[in-house]
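Between the sequences and the hints, there should be enough to build the whole structure, so can you do that?
Next come the chains, spelled out residue by residue.
Protein chains: 2
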Amino acid sequence: MTPEKEKEKEKEQDQVVVDAGMKRYRNGEIWEFEDDLGVSDGDHGVLLGVDGGTTSTVCICMPMIPFSHSQLHSLPTLARAVAGCSNHNSVGDIAARETIEQVMADALSKCGSKRSSVRAVCLAVSGVNHPTDQQRILSWLRDIFPSHVRLYVLNDAVAALSSGTVGKLHGCVLISGTGSIAYGYTEDGKEARSAGAGPVLGDWGSAYGIAAKALTAVVRAYDGRGPSTMLASSILQKLGLSSAEEIIAWTYADPSWARIAALVPAVVICAEAGDEVANNILLESVQELASSVKAVVDRLGLCGQDGKSSFPLVMVGGVLTAHRGSWDIGKEVINCISKQFPGVIPIRPKVEPAVGAAWLAWNFIMKEYKELKNDEVNYERKM
Amino acid sequence: MTPEKEKEKEKEQDQVVVDAGMKRYRNGEIWEFEDDLGVSDGDHGVLLGVDGGTTSTVCICMPMIPFSHSQLHSLPTLARAVAGCSNHNSVGDIAARETIEQVMADALSKCGSKRSSVRAVCLAVSGVNHPTDQQRILSWLRDIFPSHVRLYVLNDAVAALSSGTVGKLHGCVLISGTGSIAYGYTEDGKEARSAGAGPVLGDWGSAYGIAAKALTAVVRAYDGRGPSTMLASSILQKLGLSSAEEIIAWTYADPSWARIAALVPAVVICAEAGDEVANNILLESVQELASSVKAVVDRLGLCGQDGKSSFPLVMVGGVLTAHRGSWDIGKEVINCISKQFPGVIPIRPKVEPAVGAAWLAWNFIMKEYKELKNDEVNYERKM
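For the protein sequence lines, the chains are A and B, in the order given.
Our numbering applies: residue -16 is where the first sequence begins, and numbers increase by one.
Our numbering applies: residue -16 is where the second sequence begins, and numbers increase by one.
Some hints here could point you the wrong way.
What the simulated footprint calls covered on chain B by chain A, stretch by stretch (three residues with Cβ under 8 Å from a Cβ of chain A suffice, anywhere in the stretch; the number is not a length) [stated by the list, open to error]:
id, segment
1, 175 to 188
2, 201 to 209
3, 231 to 241
Just so you know, the hints here were simulated from the structure itself, not pulled from any lab data.
Note that the coordinates shown come from a computational prediction; the quantities given were computed from them, not determined experimentally.
The beta carbon of each residue, even a glycine, is placed where N, CA and C say it ideally should be.
See below:
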């Protein structure tokens, strides 16, 4: 056997060992790209942060550099991949799992990393409301990665909080996109949520809630139960309908929440133009959103015993961040909350929630290392 | 050929003629029972009244006896047949048509009548909101019956009104079952409706609306946004759930409106036991229902110029008619309307809407006969 051939055989054997290791975790085309990559070099490995939502799923890959927490925001993004919906309540478990696995593979493939290089995965996905949801997702996630990889499964609101607090789990996050939710954490690990129960259960501060109230106002104006409103002509024009009667058929023709939620800009424009009905709908949404934050802050005691302690309030989602004209829903919510909690520190994150998820992975793993080190130090002291 | 055989042949030929006539209108097993019936006798024929709803469809067959309108309520029911949903918005056009055809065939079969004996059909079906809905249904109904049969297609609210006014189209009907709607007619043929736009578009006076508000109140009490309420334990017990968190999954597991609407009795029981949250939900539903009646009465001027003219208000549906304890939603609605319109005459019909539909068929056809007779008289006078 020539030296070249021997080397090739050695390489092949290495490959078989690696492949066997991988195959134990998962087969399938998704991970075929790993076959073309060499053996991992001796770096510190990578982290994956996944933000899985009802509209889209984003995966961020970051290097696992062990430096101080204050530098966390300067961790570079090695790769970013995007896929569709991964809320198991919307698309079912199998499709959600497929989407999440694919988006992680895409991110790793883009930066030329293998699963064996991954140190930790933080999967923050909507629809995770119960420990049983967490356990179910953890069990199949465990099948994909080698056993040394740390895995964390959380609700997507936690990633949004982290995107504003640079990976620190403390404070409250208010999300208002198609749906709305307030989620809070204390430094000693207590958590609480408010709203986020969907349209049937009254998420009136969400884009869906605002738009459904506007559609209702048009129907009420038309049938004589409510005052006339600029919303009628504005919404009919936007939907290409000729009469308010047609709104009923339009509404029930497609059950998608996002389709109705997309009418919010029309409501804001009418309110800015002085329409009282539209203005009242927005004022009510502000009250709803503020009350969900208040409920979380009260339950967790985030404002301290005197009610004046400072705490971060991370604001995320189109309803709170999109403001082109004079009506700024996010600003009104902050005004409303500041009156009750003068210590509130509003934060509009500069990074997306998937980055927040990667930061969480970094924080979780560093905490584990520290605890391990402390245990070693304590062990050595005892000896 | 023996006389017996000749008679048989004559009969066969008759049958062929009748069959050919029928086959022109419709084939299929649904009408096979007609083959076993003899030639129609020389009576006045029959009427069909159909009440097609989202929950069930009822067909009533009545004899077409030409007597005065005041005796209409004593018209006997020859047959009654029941089938499932026939709202085309819920089950689609083909299934709705099949259900309606079957229920009419069942009613005719039960009283041994053929389609050739039918003088008129009044089809009052939910989901008929637009002249195009009427035209579409009329066109396939025309295929089923011989051309001499008079056909009338209306919204199911009209049959409910007729069930209280004995076939007279005058006054207002308020329906609150799973959904809610107010519908009104004037003697000169003007009509108006209010509400009836479904849950997304705010039918808060319906059973669905009341129950959705109750579920929301439980979630709000749980997450700290709302006051605590007896509804929590009452609804959790009824649904066999152990925590308010599980309500979210229960709500979205099945999109049926009727499933949520079925929680109304629990709300009434809590209100009767003194729960303020439940009581307020019922008070709001009363306001909603009264405002929908007010909108119709105002638009049609049913209360006259002085606001005191009398008009019938027909009350239909479980929310308005089911009252076992002290909280009577229907009575509260009447109290509320009486304050604004002292001339209101509340009517709780003793017969079902399908009978109202049959009465409408009788009235429509008698009106046509009268007009025809007047034309003949006028024609004779002119000659």
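- Task: Could you check the structure against the hints above and give me the numbers of any it violates, in ascending order?
- Result: When the structure is compared with the hints, none of them turns out to be violated.
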